[in-house]
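Student: So the chains spell out like this:
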Amino acid sequence: MERALTNYIRALRTAGAAVSPSEAIDAARTLALIGYAERQTLKDSLSVVLAKTAEEKDLHDRLFDLYFSRATPSNEIPPTHGDDGGEPESDRSSDKDAGEGGDQADALLDLANSNDANRMAVAMERAGAAAGVDQIRFASQGAFFARRMLEALGVEALEQRLMDRLRTRTPEAQAKAQELMDARSAVTREARKFVDRRFEVFGRAATETFMNDAVANRAIDKLSLRDMERMKAVVAKMAKRLAVRHSRRRKVRNRGHLDIRRTLRANAGYDGVPFEVVFKRKHRDRPKIVAICDVSGSVAAYVRFLLMFLYALSETVADLGAFAFAHELRDVSGPLKHLTFEAAMDYIIQEVGSGGTDYGQALIDLREHSWDQIDRRTTVLILGDGRSNHTDPRLDIFAEVADRAKRVVWLCPEPPGRWGSGDSEILRYRPFCTRLSHCATALDLEQALDEILLAYD
Amino acid sequence: MTALPIPIGLSSIEAVTEGLAGVGYISTRSISTAVYLAHHLRKPVLIEGPAGVGKTDLARSVAKCLNYPLLRMQCYEGLDESKALYEWKYGKQLLYTQILKEKIHDLVADADGLDASFAKLADFQDLFFSREFLEPRPLLKAMEQTGGSVLLIDEIDKSDEEFEALLLEILSDYQVTVPEIGTIEAQVPPLVMLTSNATRELGDALKRRCLHLHIDFPDAERERLIVRARVPEISASLLAQLVAFIQLVRGENLRKLPSISETIDWARTLLLLHADALEPTMVRETLNVILKRQSDILSMAAKAEALTRDAVKAAEAA
Chain R
1 MERALTNYIR ALRTAGAAVS PSEAIDAART LALIGYAERQ TLKDSLSVVL AKTAEEKDLH
61 DRLFDLYFSR ATPSNEIPPT HGDDGGEPES DRSSDKDAGE GGDQADALLD LANSNDANRM
121 AVAMERAGAA AGVDQIRFAS QGAFFARRML EALGVEALEQ RLMDRLRTRT PEAQAKAQEL
181 MDARSAVTRE ARKFVDRRFE VFGRAATETF MNDAVANRAI DKLSLRDMER MKAVVAKMAK
241 RLAVRHSRRR KVRNRGHLDI RRTLRANAGY DGVPFEVVFK RKHRDRPKIV AICDVSGSVA
301 AYVRFLLMFL YALSETVADL GAFAFAHELR DVSGPLKHLT FEAAMDYIIQ EVGSGGTDYG
361 QALIDLREHS WDQIDRRTTV LILGDGRSNH TDPRLDIFAE VADRAKRVVW LCPEPPGRWG
421 SGDSEILRYR PFCTRLSHCA TALDLEQALD EILLAYD
Chain L
458 MTALPIPIGL SSIEAVTEGL AGVGYISTRS ISTAVYLAHH LRKPVLIEGP AGVGKTDLAR
518 SVAKCLNYPL LRMQCYEGLD ESKALYEWKY GKQLLYTQIL KEKIHDLVAD ADGLDASFAK
578 LADFQDLFFS REFLEPRPLL KAMEQTGGSV LLIDEIDKSD EEFEALLLEI LSDYQVTVPE
638 IGTIEAQVPP LVMLTSNATR ELGDALKRRC LHLHIDFPDA ERERLIVRAR VPEISASLLA
698 QLVAFIQLVR GENLRKLPSI SETIDWARTL LLLHADALEP TMVRETLNVI LKRQSDILSM
758 AAKAEALTRD AVKAAEAA
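Just so you know, the sequences run in chain order R and L.
My numbering puts the first sequence at residues 1 to 457.
My numbering puts the second sequence at residues 458 to 775.
Some hints could be false.
[Claimed, not checked] Partner residues are not named here, just some residues of chain R that face chain L (Cβ under 10 Å, in silico): (1) 54; (2) 66; (3) 211; (4) 243; (5) 271.
These are computed hints drawn from the structure, not numbers from a lab.
Computed from a predicted structure; not experimentally measured.
All C-beta atoms, glycine included, are put in the ideal place defined by N, C-alpha and C.
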């Protein structure tokens with residue numbers, strides 16, 4: 001009874017719901033109160049006790065149906081041997097000696113021919129537990145676990161008998177062999193079904209997590225088209241994680257600095273005797289980010305993810321400006337706000353992404369048209385390789401930008417080994433940056449943004 | 458802590474549903490389950506969902522049907538323990554010191570020397586920090602109820618994180634610690650309900666201590682029952698059309714979807730205008746009752762005709 005519950009909780013955890021031990025205890029108490037008898041009530045109750053967010057509730061709805069898919073409640077599983085050793089239907093082949101092999105084959109034959117779904121389900125459950133099917137991680141392990149279940153059911157004895165029958169070339173023996181083969185495939189089908197269901201419960205989420213981690217760690221310009229789709233989900237998840245982490249703004253009291261005006265006001269009721277003392281508070285800036293992105297061919301893929309990331313964060317970073325440039329700088333916040341993301345990106349690449357990259361010109365345009373967007377609260381985020389086609393990098397303007405802004409963060413898709421080679425001006429820009437880092441994967445992006453937001457917490 | 462006998466209204470999940478229906482709250486199975494579990498597991502319930510689906514009303518109705526007093530704690534930014542837990546009655550303390558000045562003078566008059574006076578006064582030093590001078594706020598009040606109570610902590614997401622931390626002791630152990638007096642345990646653990654509109658993510662510690670109930674917009678049948686319970690005068694045909702219309706509007710891409718409270722307001726409005734059936738002009742004129750944003754009203758006004766037709770058709774089918 002408890003076993004079914006703890007395994008279910010484990011399934012929830014693998015799928016990404018953070019169920020704490022205290023909640024597991026609550027679930028056990030709920031089970032004692034409600035019982036297994038009413039399925040819907042149990043589902044509702046566990047949803048109240050175990051799932052604490054909308055996503056967790058969805059997860060629970062899906063997994064509950066998969067996991068408790070059997071019509072019979074689990075507490076009606078007949079006791080395993082030990083309680084009654086004389087039970088003919090034995091499924092623990094490993095600890096029985098060869099003399100009983102014949103019994104096992106008969107029992108299995110009987111099981112396959114019984115047409116009793118309930119009995120079959122119970123047998124599968126026990127064989128599944130013996131074979132450790134709950135450990136399944138990948139779809140490719142299905143055949144292996146199904147075989148182990150069959151072994152636990154005593155299929156070896158049955159196969160032995162089948163071999164014997166096949167060797168005897170009489171018609172009765174052949175018919176008997178056919179019967180055995182049918183029984184074997186029937187049980188195999190059931191086992192496979194059982195394993196597939198368990199994979200949905202325990203394996204699917206684990207596989208997903210593994211694939212997502214792999215994608216997040218891969219260099220962005222080496223992603224295949226299929227990875228791109230997955231990446232969108234990964235980026236959305238990361239953005240959410242960042243938003244949660246940085247939405248918890250802590251107020252900092254400036255202990256020691258008395259706010260005289262508010263103290264007088266608070267104590268007017270006590271005839272001005274200061275019972276309540278009010279201290280001054282530190283003012284916190286709201287995050288303000290101006291992203292300047294090089295959208296020339298070599299960097300475009302990175303820009304896509306950075307902007308996707310930034311716009312996924314729009315709840316946390318309300319004040320967000322986005323500029324794109326190749327040979328001239330354009331404000332692209334408008335299209336990003338009004339068009340769908342894909343359409344906006346296509347528009348940006350088409351409108352801005354032609355011509356040779358010119359960092360100096362971009363800086364001139366920035367000063368000309370959008371200088372007032374940069375103030376002492378702003379973090380200027382530059383994404384580019386710093387390859388300016390041998391034009392004047394205009395370090396003087398860049399120095400001014402650094403002076404005006406709170407921080408200047410440069411993310412470079414090129415590895416540090418290539419910085420400064422050929423037409424790369426990045427090393428000359430470096431002294432003015434608060435932070436310059438190599439940014440190749442989604443994880444790098446997340447880290448950089450996390451650090452930027454941290455400066456505002 | 459003493460345990461009261463289980464109230465009739467909490468003896469089973471069905472009893473909860475019935476009890477709530479008795480006071481005009483149309484419950485669902487999951488809502489009743491949550492209330493039932495909250496009592497039997499002695500755990501607070503955190504209720505989330507869109508604004509106006511009856512989160513606060515659930516707490517009010519539970520209190521009403523169990524005949525418990527409802528203690529309501531409205532949260533807001535800057536809420537602190539002096540507003541939520543307890544406060545010393547400074548004014549009274551001040552007044553009493555003035556009045557008792559004479560008495561103290563008499564008391565220490567026969568003591569000679571500072572040490573003796575001090576020793577005499579030491580016997581009285583707890584006088585001004587006793588229950589006498591303690592002003593209980595909702596949370597402390599809920600601990601002091603002897604006949605059971607419902608404690609509603611409304612819109613917890615509006616409060617600061619410090620306040621969340623302050624709640625943890627109450628939510629898990631049903632006790633409050635006042636440094637000058639000690640720990641005050643609940644006479645009878647109150648049924649605690651917290652509501653949140655999810656304007657910010659609540660802390661894990663808080664979530665893990667609570668049962669979690671998500672109330673969503675009701676389906677057509679439940680919505681009809683709710684409006685019928687709240688506006689009994691409404692005719693069956695208008696009710697069906699009205700609910701069908703609202704259900705359609707919820708499928709549209711709007712910035713603020715209408716809730717149950719808006720449906721009820723609209724039902725009252727239409728009743729006041731003596732309408733027996735939905736018609737496009739009247740719908741267009743009263744859209745501002747169910748929609749609260751100008752852009753939403755404009756986009757729906759354009760579709761009013763089609764939506765009304767669909768709603769009437771859907772109502773006939775149902």
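Student: So, for every hint listed, does it hold in this structure?
Tutor: Each hint, compared with the structure:
no.: 1; hint: 54; result: holds, 7 Å
no.: 2; hint: 66; result: violated, 20 Å
no.: 3; hint: 211; result: violated, 26 Å
no.: 4; hint: 243; result: holds, 8 Å
no.: 5; hint: 271; result: holds, 8 Å
Of the numbered hints stated above, those contradicted by the structure are hints 2, 3, listed in ascending order.
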